Amino acid sequence: MTAFIILAILAIVGALGVVVARQPVHSALFLVANILSLAILYLLLSAEFLAVAQVIVYAGAIMVLFLFVVTLLTAGKEEGEPKEQLEGQRWIAGVLAVGVGIALAVLAIHHPGRAIASGLPHNFGNLHGMGLLLWGPDFLYVGAIALMLVTAAIGVLVLNRPVRRQAPRPQRRNEA
Amino acid sequence: MIPVNWVVGLAAILFAIGAIGVMVRRNPLIMFMSAEMMWNAAALAFIAFARHWHDMSGQVMAFLIVGTAAAEVGIGLAIIVTVYHRRHRLDVDEISGMKN
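As you go down the protein sequences, you meet chains G and H in turn.
Once you know that position 172 of the first sequence is 172 in this note's numbering, the rest is easy, because the numbers rise by one and skip nothing.
Once you know that position 28 of the second sequence is 28 in this note's numbering, the rest is easy, because the numbers rise by one and skip nothing.
One thing to keep in mind: the hints can contain errors.
Stated by the list, open to error - Just so you have them, the derived chain H footprint on chain G, three or more residues with Cβ under 8 angstroms:
(1) 36-43
(2) 85-98
Unchecked claim - Partial list, derived from the structure: chain G residues whose beta carbon lies under 8 angstroms from chain H:
(3) Met1
(4) Ala15
(5) Leu16
(6) Ser46
(7) Val57
(8) Gly60
(9) Ile109
Just so you know, the hints here were simulated from the structure itself, not pulled from any lab data.
Just so it is clear, the structure is predicted and the values come from calculations on it, not from any experiment.
Where a beta carbon is used, it is the ideal one built from N, C-alpha and C, also for glycine.
One chain only, chain H, in its complex shape (with noise of 0.2 angstroms):
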C-alpha cells in the first residue's frame, strides 16, 4: 500500500506548480489549465486521505471537485473566447477591462 504521505506531498508539489504557472504565465488558457492542475492537486489530497480512513466520504468530495471543474472550464472559456473577440490578444490583462 502507498503510505498516504507520500501521496499528499504529491498533491502539494502538483498545487505548487499550478501555482506557479497561475502566477506566473500571463496566457489566460495557461493559466486556466494551471488552476485546473490545482483542482487535481486537491481531489488527489481528498483520495488519498479517504483510502487512509476507509472512508467514502473524500472521494464524494472529489466526485464534486470533478463537477465544479467541468462548470468552471466552460465558464472560464466563454470569458476568454468572449474578450479575445472583443481585444485580439491573449493577454490576462485585457481582462481587467471587466472592473467596474
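Here chain G stands alone, though its shape is the one from the complex (with noise of 0.2 angstroms):
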C-alpha cells in the first residue's frame, strides 16, 4: 500500500506537471515521469508484459517522437500561450473537469467490487500468458493493432508528400 500511495503521488505530480508546465519540453520530461510511475504501479498490479511494454512504446518510442517534434518546432523560442478566443472558456473547462473528476474518484473509492477468493493463474500476466491470449482467441486483436499501425504510417507519408514544384527555378544568373 506504501509503494501504491508513493507511485500514485509521483503520477498525480508528473500528470499536474505536464497540464501547468509553460515549455512544451518540461511537458514532455514530466510526461515521462508519469508513464514511469504508472509503469512501476503496473508491475505491482502483476502486468509484467504491459509494464515492459509500457516502457517500451511510451517511455522509448512516443516520447523520442515527442521530443523530437517539439525540439523541431519550438527550439529557441519563448512563445506564451496564445490568447483565449472563447470568453472565460478556461474556467469553466477547468471547473467541469475538476468536478468531473471528483465524483469519478469518489464513487470509485466508495464502491467497491467483490473480492475474489481463488488465487491467480501462475501465468497472469507474464510473457507466456499473454502470448497464449493473443496468438489464441484474442489474435484478432492483434490483426487489428497491426492494420491500425500500417494505416497510421500511410497517413503519414501522404500528410507529407513532398511538393512537386511546377515552376521553373529561378535565374540567378540575370539577377547578379
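Put the two chains together into one complex; each comes in its own frame, and the hints tell you how they fit.
Listed below in C-alpha cells is the structure:
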C-alpha cells in the first residue's frame, strides 16, 4: 500500500506538471515521469508484460517522437500561451473537469466490488500468458493493431508527401 | 494487495487532469500529451480490473490501448508538423483551417 501511495503521488505530480509547465519540453519530461511511475504500478498489479511494453512503447518510442517534434518546432523560441478566443472557456472547462474527476474518484473509492477468493493463474500477466491469449483466442486484436499501425504509417506518408514544383527555377544569373 | 478501488480512483484523477490539459491549454503539443495521459488512465483502469477479476482480457485491452496510442501519436504529430509548416504558429485554432 505504501508503494502504491508513493507511485500515485508521483503519477499525479507528473500529470499536473504536464498541464502546468510553460515549455512543451518540460511537459514532455513530466509525462515521462508519469509514464514510468505508471509502469511500476503495472508491475505491482502483476502485469509484467504491459509494464515492459509501456516503457518500450511510451517512454521509448512515443516520447522520443514527441521530443523530436518539440525540438523541431519550438527550438529557441520563448512563446507564451496564445490568447484565448472564447470568453471564460478555461474556467468553465477547468471547473467541470475537476468536478467530474472528483465525482469519479469518490464513486470509485466508495463502491468496492466483490473480492475473488481464488488464486492468480501462474502465468498471469507475464509473456507466456499474454502470448497464449494474443496468439490464441484474441488474435483479432493483434490483427487490428497491425492494420491500425500500417494505416497510420501510410497516413503520415500521405500527409507529408513532397511538394512538386511546377514553376521553373528562378534564374539567379540574370539578377546577379 | 492494492485494493482495486484506489487504483480506479487514481485512474479517474489522472483522466480528469488530462481532460483539463486538453481543454485549457492551447499548444497542440501539450494537448496531445494530455490526451496521452487520458489513454494511460484508461489502460490503468483496465489493468486494475484485470487484476481484480483474475482475467487477462483487461490486459489485452490495455495492449490494444498502447498500440492505438502509438498509431495516434504518429498521425497526430504529422498533422501538427504540417499545420506548423503552413502557418508557423503553435496554436490549436490554426487547425480549424482543416474544416471543409
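Hint numbers contradicted by this structure: Checked against the structure, the only hint that fails is number 8, while the rest are satisfied.
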